[in-house]
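For the protein sequence lines, the chains are F and C, in the order given. Offset between the first sequence (1-based) and our numbering: plus 37. Offset between the second sequence (1-based) and our numbering: plus 37.
If you are wondering where the hints come from, they were derived from the structure by calculation, not from laboratory data. Fair warning: there could be bad hints in the mix.
[Unchecked claim] Covered stretches of chain F (in silico footprint by chain C; criterion: 3 or more residues with CB under 8 Å from a CB of chain C, positions within the stretch not fixed):
| # | region |
| --- | --- |
| 1 | 56-64 |
| 2 | 79-87 |
[To be verified] Residues of chain C placed beyond 12 Å of chain F at every Cβ, according to the derived structure:
| # | residue |
| --- | --- |
| 3 | His58 |
| 4 | Ala74 |
| 5 | Thr92 |
| 6 | Ser114 |
| 7 | Ser134 |
We treat Cβ as the ideally placed atom computed from N, Cα and C, and that holds for glycine.
Protein chains: 2
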Amino acid sequence: MTARVLEHPPAEEIRLEEVLHALADPARLEIVRFLAAAGGEVPCSAIDLAVSKSTTTHHYRVLREAGVISQVYRGTSKLNGLRRADLDRLFPGLLDSVVNALLSDGRGRRADTGPATPPTP
Amino acid sequence: MTARVLEHPPAEEIRLEEVLHALADPARLEIVRFLAAAGGEVPCSAIDLAVSKSTTTHHYRVLREAGVISQVYRGTSKLNGLRRADLDRLFPGLLDSVVNALLSDGRGRRADTGPATPPTP
């Protein structure tokens, strides 16, 4: 029996704009938030995204292909984890700032952390 | 004479995923890198994006509508600036991490900051 292996970009091919694109989606941010809170490898089934299975698979693939997460098969399930070491080395502070923003507003959809200020002109 | 005023989202309507989406493009990252390096207001004409004028206008609009930059008319030109105070308050560390990644690799397109490491499993 041959284990299926999913393709991951090597660290030197991870690009900032692709990481940002992968993060720029509420469902994918929820995956990242969950994985950051879990701190380890998590099966897809542990994260309820309230979207279809094929859409869920798509979101994980976008994250994996951008270099944000790793995915490995264990039997019939995929285990997911953040590529924190690679991301922290390539883009110091980026993942932490995103995760902290997600955790601080509890939803990751909107940051209501203070009174409105007009845009600086 | 009525000054044209461009719409900006108030700070409380700035959303993380929209900021990330606005940043997830090489041309828009170049605008952000340039504005961060300039540290003040800069006319569009100062930043050479090597794309058409209408595409350039589109990129600035995406950044403005996401809350990343402010744009104000001065005569016939638009002056652009980062909304650093709002972004730093809403998403601490995010803008700095992106700008530092852009400045450290000199191009903002790829991060070649060390030897390749295989993805963590």
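Now the hints, each set against the structure:
no.	hint	result
1	56-64	holds (count 6)
2	79-87	violated (count 0)
3	His58	4 Å, violated
4	Ala74	16 Å, holds
5	Thr92	16 Å, holds
6	Ser114	14 Å, holds
7	Ser134	4 Å, violated
The structure does not agree with the numbered hints 2, 3, 7 stated previously, though it agrees with the rest.
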